[in-house]
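Chains as they are written, first to last, in the working numbering: chain U, 1 to 403; chain F, 404 to 712.
Everything labelled a hint here was simulated from the structure, so no lab data went into it. Predicted model only: the values in this text are computed from it and were never measured. You may find that some hints are simply not true.
[To be verified] Partial list, computed: chain U residues near chain F (C-beta under 8 Å):
| # | residue |
| --- | --- |
| 1 | Leu44 |
| 2 | Thr99 |
| 3 | Thr127 |
| 4 | Glu137 |
| 5 | Val218 |
| 6 | Val226 |
| 7 | Pro267 |
| 8 | Val270 |
| 9 | Leu271 |
| 10 | Ala274 |
| 11 | Ala292 |
[Unchecked claim] Distance windows between CB atoms, simulated:
| # | chain 1 | residue 1 | chain 2 | residue 2 | range |
| --- | --- | --- | --- | --- | --- |
| 12 | U | Asp374 | F | Val706 | 42 to 48 Å |
| 13 | U | Met153 | F | Arg437 | 39 to 45 Å |
| 14 | F | Glu526 | U | Asp233 | 40 to 46 Å |
| 15 | U | Leu79 | F | Arg437 | 32 to 38 Å |
| 16 | U | Leu279 | F | Leu466 | 34 to 40 Å |
From the three backbone atoms N, C-alpha and C, an ideal C-beta is built for every residue, glycine too.
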Amino acid sequence: MAAFLDALFLQAGYNAALVAIGAALLGFAAGTAGTFLFLRKRALVSDAVAHATLPGVGIAFLVMVAIGGEGRSLAGLLLGSALSAFAGLWLVEWIARATRLSEDAAIGAVLSVFFGLGVVLLTVIQTLDRGRQAGLEDFLLGSTAGMLLQDAMIIAGGGAAVVAVIWALRRPMTLVAFDPGYAAATGIDTRRIDLAMMGLVMAVTVIGLKLVGLILIVALLIIPSVTARFWTDRVERVLWTAGLLGAAAGYVGAALSASAPDLPTGPIIVLIAAGLFALSLLFAPARGVLAAILSRRRFQARVHRRQGLLALTRAEPIHDPLTIRILRREGLIRPDGVPTDEGRALAAKIARDERRWDIARQVHQDTSLTGRYDGLTPIEEVFAPDEIADFDARLGPPQPVGG
Amino acid sequence: MGAEFVQFSLTPILIGTFAAIACALPGNFLILRRQALIGDAISHVVLPGIVVAFLLTGTVAALPMLLGAGGAALVAVVLIEAIRRVGRIEPGAAMGVVFTALFAGGVLLLEQSDTSRVHLDVEHALMGNLETLIWLRAGDGWASLADPVALAHLPDELPRMAVAAALIAALTVIFWRPLKLSTFDEGFARAIGLPVSAIGLGLVIAAAVAAVAAFDAVGSIIVIAMFICPPAAARLMTNSLARQVWLSVGFATLSAVAGYVLAGYGPLWLGFDNAVSAAGMIATVSGVILGLACLFGPHRRRVGVAAGA
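So here's chain U without its partners, still in its complex pose (with noise of 0.2 Å):
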């Protein structure tokens, strides 16, 4: 506990710290960029582009063997994966445009193919003599043991170089992914931006390759913003809450993975965003299935309630036990079943209201008003007093209902 406070506040070593304000940042970039895939329903792409870095990661490694270098650099690393997902990205949109297969199986064969190619390059990497401690394998999944502090600065810097151009292109991009065709009726070159949205994506999948691993940046890409979508339905808000959340997961799941051994930082980084999307779900005001069962109660309520009262007006017995503990709750009958006399005026009331609706469906033709009639929504938010007074005219005057 006290590693993980330490790893929390950054009191944990230099480079622990700065690989907590990368995931951070990471995790900021990908849940804001991937908001824009989310709403561009095109979220699984991002799944492509991951399994396509894995042959560039192995290519860049020889090539980088073969030009004399070490093989094991950072950068170079990325700038490979960074070409191979730009190949995948391409593959994918070129077999959805040019054959008749859909997009969702272009995804599926672009991925599975570029790793599959990608395992057989480690095969051959670890052959080589210098492969063996090339720990490639730590693309799969992401790890920050060893990593060098030069390493964490490209993370860090191309985290908030994603975060900055996702500042800039905020507004075009909203527009096009909600509205492609108005975007582009003003102007907006919708093609340009869609490159640029997956461009993002994939900056966001290399700089996490190292830190989340390339199975696992995906979920960085999709939950946050799913997750946001529970809590607002303002694009702006989806946005930057998608980015707060992402940011968190990685924050302290960089922490938490400091902290203890065996706890590997992608799939933990994963498990906290899951969590948060987990209590959202459940939570969530308005969307969250918390917030569905209680309004379908209260709408449950509402029913029984006016059938309830109905009943008393007409003055027939009660049977459902869910009317009599609402009709009781309320006071409007007594233990026996007797309407106390709050429960006979509220059923006068629907009944002459129910005779005011009558009138009003005569009197209007007009069906966007009558037409809101459900039984439980009152008159009086439909129609004007005057209105009302009208009806009541034309009603009569009052009679005793009830017994």
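On the provided structure of chain U, position chain F as indicated by the hints.
Leaving out everything else, chain F in the frame of chain U:
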């Protein structure tokens, strides 16, 4: 093509072929229904399934592994559906959330638990161990095929994979008409009284069975590649579903055999000493086949779309 081939290459090639066919068959329908990535999702969640099964039973025996993987696949499908409906999230994103989260959980469990003494790690899960499924007892070469003692020492994966492939093939034949109808015209299928949702769920379960059975022997790369690449390539070659399915089986077989041979012998021909990953090579070969189909397949374009549009 002597004793050595039978000992070291015959069984992996057969296992790879059966796995490829078992995955390619349901893949045909998944692709036509635009559910191609279900295979991807299932093969990711298989990992937490087998890890949990291992932690509960303490063994890497086949049955608990299969049950665990199957259970995880079922949990994943239910979760995806629940998130899609409750949260009103588009299916792609819901799938992305579920399979990445479950996979991360599997990796973490694996790192936390003591699995070093058994052959269970992430790389194995991804790449399989096709190369190790050899038939050492086959000392007499092809004659061993008639030798009951040697046959008793076939790797367990071979009969298991053969049964899985036969089961999937039988299911495909039995449910051919309802599958075809509900895939191409769901409304019509519903109108004539077919249980369309049950057929869809059954297809996903069959895909899960294929993925789980194949995963153990060949790893998840082959599973994903075989779900998608051979059927997709076949789809670009023909307009007839029956021909597409046959072609996909052919492509799957070709990928498995050529991939294994290239991985095992290709480096030797080029003058290197070591073989490369067979699983990776099989996926790569299937990708090359798909690439050729994309470039030259007679039915590669959408109907009604002008060339170059």
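Hints, verified against the model:
{"no.": "1", "hint": "Leu44", "verdict": "holds, 5 Å"}
{"no.": "2", "hint": "Thr99", "verdict": "holds, 5 Å"}
{"no.": "3", "hint": "Thr127", "verdict": "holds, 4 Å"}
{"no.": "4", "hint": "Glu137", "verdict": "holds, 7 Å"}
{"no.": "5", "hint": "Val218", "verdict": "holds, 6 Å"}
{"no.": "6", "hint": "Val226", "verdict": "holds, 5 Å"}
{"no.": "7", "hint": "Pro267", "verdict": "holds, 4 Å"}
{"no.": "8", "hint": "Val270", "verdict": "holds, 4 Å"}
{"no.": "9", "hint": "Leu271", "verdict": "holds, 5 Å"}
{"no.": "10", "hint": "Ala274", "verdict": "holds, 4 Å"}
{"no.": "11", "hint": "Ala292", "verdict": "holds, 7 Å"}
{"no.": "12", "hint": "U:Asp374 x F:Val706: 42 to 48 Å", "verdict": "holds, 47 Å"}
{"no.": "13", "hint": "U:Met153 x F:Arg437: 39 to 45 Å", "verdict": "holds, 43 Å"}
{"no.": "14", "hint": "F:Glu526 x U:Asp233: 40 to 46 Å", "verdict": "holds, 43 Å"}
{"no.": "15", "hint": "U:Leu79 x F:Arg437: 32 to 38 Å", "verdict": "holds, 35 Å"}
{"no.": "16", "hint": "U:Leu279 x F:Leu466: 34 to 40 Å", "verdict": "holds, 36 Å"}
No hint from the list above goes unmet by this structure.
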